[in-house]
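Asker: Using the sequences provided together with the hints, build the complete structure.
For the record, the sequence lines run as chains R and B.
Going by my numbering, the first residue of the first sequence is number 1, and it counts up by one from there.
Going by my numbering, the first residue of the second sequence is number 1001, and it counts up by one from there.
Just so you know, nobody snuck in bad clues.
Derived CB-CB ranges, DEER-like: (1) R:298 / B:1060: 33 to 41 Å; (2) B:1262 / R:68: 35 to 43 Å; (3) B:1060 / R:67: 25 to 33 Å.
To be clear, the hints were calculated from the coordinates, so they are not data collected in a lab.
Think of the CB as a built atom: it goes at the ideal place given N, C-alpha and C, for glycine as much as any other residue.
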Amino acid sequence: MDVAVEDPFLGYDCGPFFCELGTEREGDKGAAAAIRRRIAALGLGTLRARARAAETDLFNLGITFTVYSEANAIDRILPFDCIPRLITAGEWAHLDRGVRQRVAALNAFLEDIYHARHILKDGVVPAELVLGNANYRPEMEEFPVRFGTYVHIAGIDIVRDEAGEFRVLEDNARTPSGVSYVVENRHLMLRAFPDLMAGMRLAPVDDYGQRLRAALSEIAPDAALDPQVVLLSPGIYNSAYFEHVFLAREMGVPLVEGRDLSVEDDRVFMQTIAGPRPVHTIYRRIGDDFLDPTVFRPDSLLGVPGLIGAWRRGHVALANAVGTGVADDKAIYAYMPRIIRYYLGEEAILPNVETHICREAMGLAYTLDHLADLVVKPVGESGGYGITIGPRASVAELERARAALTADPANWISQPMVGLSVGPTLCEEGIRARHLDLRPFAVTGRETWVLPGGLTRVALKQGSLIVNSSQGGGSKDTWVLADGAPNGAPNGASA
Amino acid sequence: MNLAPPLLARYAESLFWMARYLERVENIARLIEVTYTFESPGRESESWYALVRINADEESFSQAHGVADPEAIKHFYLIEADNPTSIPAAIEAARTNARVLRPLISTEMWKQLNQFHHALTAISPAELEGDALSRLTDRIREGVQAQTGITEGTFFRDQSWHFHELGRLIERADQTTRLLDIKFHVLVPYAREERRVVELTQWGSVLRAAAGYHAFRRVAPVDFSPADVVAFLLTDGSFPRSVRLCLEEIERHLVSLRIRYGLGGTRAALERAEEMRALIGSAEVERLSAGGLHAFLDNLQSKLILLAAEIGTAFFRDWRPLATEPAGQQQTA
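Answerer: The structure is reproduced here in structure tokens:
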């Protein structure tokens, strides 16, 4: 190269955090270094130009979510960072096992609490946490679901701490979203940065739709020889509509709205130009509350009157099952390591973030003693509200938290502040370290399959630990190295 | 391969309307083109007001603007999204339907429409002035034509295709009748011989706006009369925008739906289309052009509305309670 390009990694500092493209680790086979070299060779100017073009591409393709203000609808893209996040084959094998274990435990737990309730009787999980939970659905009691699978689609939020340990931050067992970005981000990288991944063997992400369709066909009622699967969406005004389109397209099934479906004699039909046609499995992207106005919220226009009746008669399958929200609740999260041990007789492969349960005397005492170092969160429905971040709280705020804790310990859990891992990210000032998380997606019919990688979310603000798109988060392509592949750069020394 | 299930009724409806709205965008651009070629010095307002009358917008226009001056009329049709007969409103409705159809239509169709929508909702007042206007209407026409080409080349030809084409052809036939009608609304204030020449010029403009001028010259007599133009636009068997050709194509699509997909619900619509074709076949164009053309075109427009209603009743509307439609999805014929 004739012109000397300033190293864009100059000024990159990951601080005390684990760097997903820098920290030495086994099995990397030089891939991270190769990616860094290639990015450096491109230079900041080229990176920025290509990143801008990539974002325009996303906008034109309508890979957007919609924000509604009073006057109009604005299409926004999820900000995309072009520097990929790398996961080695060994790391992925560990994550994959851990996610499958987690999903197995969630399903066993749901099966148990809606039937024999052994875990409650044995006192492993307090009964009132489950039975008094707003997301517990009495309609599910004694109702058998195929293969004992309640959570057909799960998204497990995982973070990596300073020591490089992967930990589960949250389970999403209702209707987790984001998988469309996993696939679209890969396509985008292939178009905009083919030279970055040249010669690298990455685990493919393209078969999600097929796997999902297969699982949804597996759970269809027995009588259906060629099951009709549909995706039930709230419609074009839903902010995740693009993802619904993506999933329907990838599976090759109709995207329906509640008004397309009707129930007759406990069977579900969709309205076509040739009249009603039977439906056997519904991948629903609407909440339990809105599914059936005759059973849940009577004001719901999104649902289908009679749907739950048809389901209970076994004439249609729903994914995910009704009532899974009780398993991904913050209060239950704290018990997940014990739940895994109880049903599977194993230790959690992916530990929780250390969690102190204040309804228990030990947990309360520890929390009160270390209040200034802990994040205190209310459990149950009010999630997000009432969080006190000890290290950033004033004395008065800490005292208020102490009072609230003492008044109703059962309403609280506490966790240490986790220093999330970082990845190099293209920012205004150059390439900088930004915090990341990871949401792998697991699909379960008869068995569980996990899409290699998952959605990597990145907090684009300096120092921020909040990766949500509503609060300045973006996403990255997640590269899982295929096992046994040489991952240096076979072609060309410059790479 | 498994046989695909029948098309969702809501998709059929959205395909029909997406195509209609897109065709409408192109035709509003064509109407504007013919209007500014009709402009005669000192009488600009009357020429432009013809546009308002053709669209039966007298009331909504006067509410929005009061006095009819050319600038306000251009603004009304090219910029004002809250005027349901404007180009921005039509492209917005087309895109809303396309969003519903995203699981069905090709990515290329969506991408083009999405970009076209962004362009059309950002038309600036400066683009309505002077020669910029003709460049703008060119651009609009070409945008729809690009969409038509992409659709032709990428859209899967199953039942969906037929509903798409039905919407497009019904709108096209309707717009051709409106284009013809514009002559009725533009008075020619000249004396006899001068008037004959001006009228010929105007009919030439109508033909050009319909993209039929050259084809017409090939088939028309040297000393063509207005009746020849009317006959060409209504009854020619080869001109893609003639009402007759549109009706023949409509019948062909309805027959395909009936035979290939066993959809007996096409019967009533087919009867309407045949009836209209007979009406056009028997029209005495010489007499019509001397007087009565406007009433005849009005009648055709009403019959097209009935034809669309037969398709709607058979395939979309009868099951769908209008009251539950979310705002923005109501379609306007």
